[in-house]
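Asker: Below, each chain spelled out in residue letters.
Number of protein chains: 2
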Amino acid sequence: MRRGPDAGGLYELIATGDPLIWQLPVTEDVCAGAYEVEPFLYGGMALAAGIGVLERVTGRAVIRAQAQFASAAALGERVDLVAEIPVTAAPVAQARVTGLVAGREVFTITGACGPLPGGSAMQWRRASTFPAPEACEQVTLWPRQNPQARVRRNIEVRMRPGEYRRRLAERHTSTSGRIRAWGRVTGAPLDAGVLALLADFVPASVVLATGRLGGGSSLDNTLRILQLVPTDWVRCEIHADGLARGMGHGSIHLYARTGELLAIGSQSFLQRYFDE
Amino acid sequence: MRRGPDAGGLYELIATGDPLIWQLPVTEDVCAGAYEVEPFLYGGMALAAGIGVLERVTGRAVIRAQAQFASAAALGERVDLVAEIPVTAAPVAQARVTGLVAGREVFTITGACGPLPGGSAMQWRRASTFPAPEACEQVTLWPRQNPQARVRRNIEVRMRPGEYRRRLAERHTSTSGRIRAWGRVTGAPLDAGVLALLADFVPASVVLATGRLGGGSSLDNTLRILQLVPTDWVRCEIHADGLARGMGHGSIHLYARTGELLAIGSQSFLQRYFDE
Numbered sequence: 001m002r003r004g005p006d007a008g009g010l011y012e013l014i015a016t017g018d019p020l021i022w023q024l025p026v027t028e029d030v031c032a033g034a035y036e037v038e039p040f041l042y043g044g045m046a047l048a049a050g051i052g053v054l055e056r057v058t059g060r061a062v063i064r065a066q067a068q069f070a071s072a073a074a075l076g077e078r079v080d081l082v083a084e085i086p087v088t089a090a091p092v093a094q095a096r097v098t099g100l101v102a103g104r105e106v107f108t109i110t111g112a113c114g115p116l117p118g119g120s121a122m123q124w125r126r127a128s129t130f131p132a133p134e135a136c137e138q139v140t141l142w143p144r145q146n147p148q149a150r151v152r153r154n155i156e157v158r159m160r161p162g163e164y165r166r167r168l169a170e171r172h173t174s175t176s177g178r179i180r181a182w183g184r185v186t187g188a189p190l191d192a193g194v195l196a197l198l199a200d201f202v203p204a205s206v207v208l209a210t211g212r213l214g215g216g217s218s219l220d221n222t223l224r225i226l227q228l229v230p231t232d233w234v235r236c237e238i239h240a241d242g243l244a245r246g247m248g249h250g251s252i253h254l255y256a257r258t259g260e261l262l263a264i265g266s267q268s269f270l271q272r273y274f275d276e
Numbered sequence: 001m002r003r004g005p006d007a008g009g010l011y012e013l014i015a016t017g018d019p020l021i022w023q024l025p026v027t028e029d030v031c032a033g034a035y036e037v038e039p040f041l042y043g044g045m046a047l048a049a050g051i052g053v054l055e056r057v058t059g060r061a062v063i064r065a066q067a068q069f070a071s072a073a074a075l076g077e078r079v080d081l082v083a084e085i086p087v088t089a090a091p092v093a094q095a096r097v098t099g100l101v102a103g104r105e106v107f108t109i110t111g112a113c114g115p116l117p118g119g120s121a122m123q124w125r126r127a128s129t130f131p132a133p134e135a136c137e138q139v140t141l142w143p144r145q146n147p148q149a150r151v152r153r154n155i156e157v158r159m160r161p162g163e164y165r166r167r168l169a170e171r172h173t174s175t176s177g178r179i180r181a182w183g184r185v186t187g188a189p190l191d192a193g194v195l196a197l198l199a200d201f202v203p204a205s206v207v208l209a210t211g212r213l214g215g216g217s218s219l220d221n222t223l224r225i226l227q228l229v230p231t232d233w234v235r236c237e238i239h240a241d242g243l244a245r246g247m248g249h250g251s252i253h254l255y256a257r258t259g260e261l262l263a264i265g266s267q268s269f270l271q272r273y274f275d276e
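Sequence order for the protein chains is G and H.
The first sequence lines up with residues 1 to 276 when you count with the numbering used here.
The second sequence lines up with residues 1 to 276 when you count with the numbering used here.
A hint or two may mislead.
[To be verified] Take a look, some chain G residues computed to stay more than 10 Å from chain H by CB distance:
#1 128
#2 131
#3 134
#4 136
#5 156
#6 163
#7 168
#8 188
[Said to hold, decoys possible] Short, incomplete list of chain H residues facing chain G, as computed with Cβ under 8 Å:
#9 70
#10 94
#11 105
#12 110
#13 112
#14 176
#15 209
#16 226
#17 243
Keep in mind that the hints were calculated from the coordinates and are not lab data.
We put the CB at the ideal spot given by N, CA and C, even for glycine.
Produce the complete structure using the sequences and hints provided.
Answerer: Dropping the structure here:
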């Protein structure tokens, strides 16, 4: 049995006798959950762990991955991550990881692995002007967490001074739907898993764009990775697209402090509010 | 055996004895492919057909769906669409459709079905000012097609007069990465399948943003549906995000002529050029 820490040691993938099957213990460190809620596996962490498995089983870096969430994994459970690789021969490997708790499906992750050398490089998306993280203030972004839901203790978020309190105090609905923040995962060097954790800022940010405190139950987490450029803080630009029929939809662009576009996340989620 | 036309009759889903298994004949009408290439099932059409299956097997409307492409289905082949529904009891059903040609996997579609009544409605994204379709000119967007690849004969695209020729003639690289167009599918009333067909404008548009003629081999097609508002033309706003490591990444926002945000598409693809 091999063990290896990932995403800065925030989660643990346990190898089994089958190279295509890995296990993720649902510890306090990988759980989220508001104070009155039982802790559950954080969606961005499920995607991070799935990316870890995709990269192990294909031996290549992830280009894009998406988790679709069927149900929640609770604190104390163990998720079996079962990989299949329908395409290995092509320049890009296509694989799938199913997350199961005692045989019950909790998520399906599809992913493409194996960026190609060469090709044109171009970046159209640019981060807008924003104060440096040192000039911003720390915010919580999420409602008060259950003390056993510890994943967010390791995820730092900073916003322009006063912005977060002002949005909540005024119940100020953003006209642009754009939320900007800096994010980092304590002690974790930048990798695809860290980007997956930060990309799950979307539901709380979209709800914040309505001037309220909350988040969402993600239907999916989608991540597209352009490049990994070392950076202390990741610049996060969230665009709320809209709310309709009980669902919220939004995207996030993740940049290095020096401006390089690292990745793009997007997701749809059931709206949840914690200020009622 | 039941037969039912979908997406304006552009494809045909054939029922089998198993309510979870449907068949899609790969006819000329559902194929794309440049002149020198064998016709293959258009990615947006695979997603459209998968959405058709998701809506049939769950009895609910699709909120989001994503196709991951493992290989191509060629003209004359028949795709078996095999559905699984891991979650039916929850307010949102989660399902999966695997596309197989003689047992070989060609795509996996994951989808969430069942929008909820009520909830907040909000639209942050707005289409930018753009001439009406009557003031625009028809463009081809894609390279000259194989005569047996007919799907694009039914997909009309209009752009601002002169823009398309100018971009190609000058090999003009867009600074904004934004491409705007009107799209419609001949004779098809707006449904989720039509939105899937139009959302697959992304690769050709991103390549056009570099001032070149081409497209891409999609790794995935992702679609998020907010609402269906009847409209003759769909306003398409494509954002090229970037090209990196041989891959292109971009998104598309689809609006009714009257401005309502209908859906958001995104995808990653291998870059292909046809002007070399």
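Asker: Minimum Cβ distance from residue 110 (chain H) to chain G below 8 Å?
Answerer: holds, 4 Å
Asker: Taking the minimum C-beta separation from residue 168 (chain G) to chain H, is that value above 10 Å?
Answerer: Check passes; 16 Å lies beyond 10 Å.
Asker: Return the status of the interface hint for residue 243 (chain H): holds when the least beta-carbon distance to chain G is below 8 Å, violated otherwise.
Answerer: Holds. Min distance 4 Å.
Asker: Checking hints one by one. Is residue 176 (chain H) an interface residue toward chain G, by the C-beta closer than 8 Å rule?
Answerer: holds, 7 Å
Asker: Let me know if the C-beta of residue 70 (chain H) comes in closer than 8 Å to any C-beta of chain G, holds or violated.
Answerer: Holds. Min distance 5 Å.
Asker: For the hint on residue 105 (chain H), just tell me whether its beta-carbon gets within less than 8 Å of chain G.
Answerer: Holds: closest Cβ of chain G sits about 4 Å from residue 105 (chain H), inside 8 Å.
Asker: Please check whether the beta-carbon of residue 134 (chain G) is more than 10 Å away from every beta-carbon in chain H.
Answerer: Nearest chain H Cβ is 27 Å from residue 134 (chain G), so the label holds.
Asker: Confirm or reject: residue 188 (chain G) is not an interface residue toward chain H, with every Cβ-Cβ distance exceeding 10 Å.
Answerer: holds, 22 Å
Asker: Grab the minimum C-beta distance from residue 94 (chain H) to chain G and call the hint holds if it beats 8 Å, violated otherwise.
Answerer: Holds: closest Cβ of chain G sits about 5 Å from residue 94 (chain H), inside 8 Å.
Asker: Against chain G, run the beta carbon of residue 112 (chain H) and see if the smallest gap drops under 8 Å.
Answerer: With a closest approach of 4 Å, the residue 112 (chain H) hint holds.
Asker: Hey, does residue 131 (chain G) actually stay past 10 Å from chain H on C-beta?
Answerer: At about 23 Å from chain H, residue 131 (chain G) clears the 10 Å cut-off, so the statement holds.
Asker: Verify this label for me: residue 136 (chain G) is non-interface relative to chain H, using a Cβ-Cβ cutoff of 10 Å.
Answerer: holds, 23 Å
Comparing the model with each earlier hint shows no violations; every hint is respected.
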